[in-house]
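Visitor: Make a model of the complete structure from these sequences and hints.
The primary structure of each chain is shown beneath.
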Amino acid sequence: MDVFRSQRRVVVTGMGAVSPFGRGVKELVSGFIEGRSAIVVLEELADYGGLRTRLAALVPGVDGKEISRNKRRSMSRQSIFAVLAAQEALTQAALPEAEYGGGRYGVVVGTTISSLETSESFFADHFRDKSFARMKTSLFFKTMNHSAAVNVAHFFGLEGRLLAPAAACATGCQALGYAYEMIASGTQDVMVCGGTEEFHPLSAATFDLMNAASFRYNDRPSIASRPFDRQRDGVVCGEGAGVLVLEDWQSAKDRGAEILAEIIGFATLTETGSIAEPSSAAMQRCMALALADAGVEVGSIDYINAHATATEKGDIAEAKALVGIFGEQIPVSSLKGHLGHTLAASGGLETIATIEMMRRGELWPTRNLTELDPRCLGPRIFTGIEKQTTDLALKNNFALGGVNSSLVIKAMAS
Amino acid sequence: MTDAEIISLVNDSLVEEFELENSAMVSEAEIFDDLGLDSLDIVDMVVVLEGSLGIKIRDDEGLREIRTLGDIHRFILQKKRETEAAS
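Sequence lines, in order, name chains A and B. Heads up: take any position in the first sequence, counting from 1, add 21, and you land on the numbering used here. Heads up: take any position in the second sequence, counting from 1, add 649, and you land on the numbering used here.
For the record, the hints were derived by calculation from the structure and aren't laboratory data. Accuracy of the hints is not assured; some may be wrong.
As the list claims (entries may be wrong) - So the derived list for chain B, only partly shown, Cβ under 10 Å to chain A, looks like this:
#1 VAL697
#2 GLY700
#3 ARG707
#4 PHE724
#5 LEU726
Claimed, not checked - Taking lysine-lysine and the PhoX-like style, the derived pairs with C-alpha atoms no more than 20 Å apart in a straight line are:
#6 LYS92(A) x LYS157(A)
#7 LYS729(B) x LYS705(B)
#8 LYS728(B) x LYS705(B)
#9 LYS705(B) x LYS157(A)
#10 LYS151(A) x LYS705(B)
For clarity, every value in this text was computed on a predicted model and none was experimentally measured. Backbone N, C-alpha and C define an ideal beta-carbon position, used for all residues, glycine too.
Guide: Spelled out as structure tokens, the structure:
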């Protein structure tokens with residue numbers, strides 16, 4: 022099988038997070054190490070008919086007011102999250118700012134859907150009389166599908182390629198993968214990439230409608246999100262942004278940058294048998310392609326950060342796919358027990374977490390996994406923090422629409 | 650409404666929409682250089698003032714002549730007088 026192979030090595034030199042644990046990678050890491058839950062009861066969800074869940078994982082204390090008005094006027098909440106996460110990542114990467122505008126530094130940032138909060142606010146007023154007389158110029162700039170990517174590019178003056186992938190829960194992972202490929206192929210030198218998401222009741226309602234949102238734990242939010250657990254009852258939707266700076270290894274080395282990890286493989290594919298049903302076979306094909314792209318054997322993967330959102334079908338399909346490829350010894354965890362499902366942001370946030378685990382020589386478990394669903398038996402889904410040296414990790418994200426994505430991460434470039 | 654009340658309403662609307670300081674709202678303030686607005690803001694300013702004052706100014710040629718906050722005040726007061734005279 023011929024697969025795309027990298028021409029240049031691609032490394033991570035910056036990471037930024039805005040998550041339900043708060044602002045910054047440090048807050049994200051603390052949340053996982055302390056084993057906290059970021060899920061809260063959102064009372065206003067009771068105002069919506071036909072919605073059973075009252076749960077969400079919201080970003081606390083970020084209003085974006087530190088961003089000047091003339092920059093912020095084109096930003097929805099999810100764009101603000103992306104810009105703040107990118108700011109942290111770029112600060113850490115400490116790239117030469119003179120290069121930002123040269124056309125070789127690009128942006129790949131995606132969202133599940135354009136800002137629903139903004140659209141709802143506009144249409145609530147518009148439908149009173151169907152008038153456009155009260156529409157402001159900012160409406161389009163906040164709701165265009167590439168709004169978050171454009172806002173990141175404009176805020177920092179990054180003038181290279183711009184891409185805004187949209188693949189629901191696989192968006193963030195795809196963004197990292199496409200950025201990796203652009204650097205590997207030599208078309209770009211640096212990419213600011215990841216996913217961002219603002220919570221809206223429509224997201225929760227979409228999962229609820231398909232009997233895939235948690236609501237039996239409405240009075241116990243901290244134990245609501247339970248990937249792989251026998252008592253799980255679905256997704257808890259969240260929000261945030263996870264953004265990484267990827268860079269050509271040679272340039273990172275030449276300028277003495279701290280290299281946090283290396284991206285060595287990526288694959289994404291679409292399974293067209295069902296628009297909603299997960300497919301173990303497609304997941305396996307995706308992971309196999311990612312391993313082939315990386316040029317590594319199955320047995321060399323040390324840890325898998327699962328997509329596992331706490332839906333019945335998704336968790337079972339992924340567990341079967343994992344054991345089918347990697348056998349029973351491979352350690353696996355899902356971080357959605359802590360953080361809920363941050364949808365488009367999950368790929369970026371969970372990749373950051375995976376890299377932090379590798380750097381710390383430990384693995385973080387699946388929160389709220391107290392009794393494994395026997396149908397998820399197979400891979401070693403551990404339940405406590407473990408000390409382990411991880412050289413290679415695989416990161417999965419799978420999405421409604423049949424989109425699968427996998428990323429292979431190497432601990433340090435050498 | 651008195652002229653003073655109209656000017657106050659215009660200023661309050663602009664302060665809220667464009668996050669301006671009340672102390673910056675002096676007649677001689679240049680809209681672009683002193684208040685920091687740009688062409689997109691001017692489009693939104695028209696929407697905001699139409700909403701606050703219940704008048705239609707979008708297609709008015711006089712808008713093109715506006716340079717300062719005082720120009721806005723004079724333009725709006727003139728427009729109000731024309732609207733009242735026509736009704």
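Visitor: Each hint should be assessed against the structure and marked as holding or not.
Guide: Status of the hints after comparison with the structure:
Taken as an interface hint, VAL697(B) checks out: its beta carbon lies about 8 Å from the nearest beta carbon of chain A, inside 10 Å. Satisfaction of the interface hint for GLY700(B) is found here, the shortest Cβ-Cβ separation to chain A being roughly 6 Å, below the 10 Å cut-off. Against a cut-off of 10 Å between C-beta atoms, the interface hint on ARG707(B) holds, since the closest Cβ of chain A lies about 8 Å away. At about 19 Å, the closest approach between the beta carbon of PHE724(B) and any beta carbon in chain A exceeds 10 Å, and the interface hint on this residue is violated.
Because the smallest distance between the Cβ of LEU726(B) and any Cβ of chain A comes to about 22 Å, over 10 Å, the interface hint for this residue is violated. A threshold of 20 Å between alpha carbons decides the hint, and for LYS92(A) with LYS157(A) the separation of about 15 Å falls inside it, so the pair holds. Note on LYS729(B) and LYS705(B): the hinted pairing holds, with a Cα-Cα distance of about 10 Å set against a maximum of 20 Å. Distance hint between LYS728(B) and LYS705(B) is fulfilled; the C-alpha atoms sit about 9 Å from each other, no more than 20 Å.
Our distance criterion of 20 Å between C-alpha atoms is met by LYS705(B) and LYS157(A), whose separation comes to about 15 Å. Between LYS151(A) and LYS705(B) the alpha-carbon distance is near 17 Å, which keeps this suggested pair within the 20 Å criterion.
Violated hints, in rising order: 4 and 5; the structure is consistent with all others.
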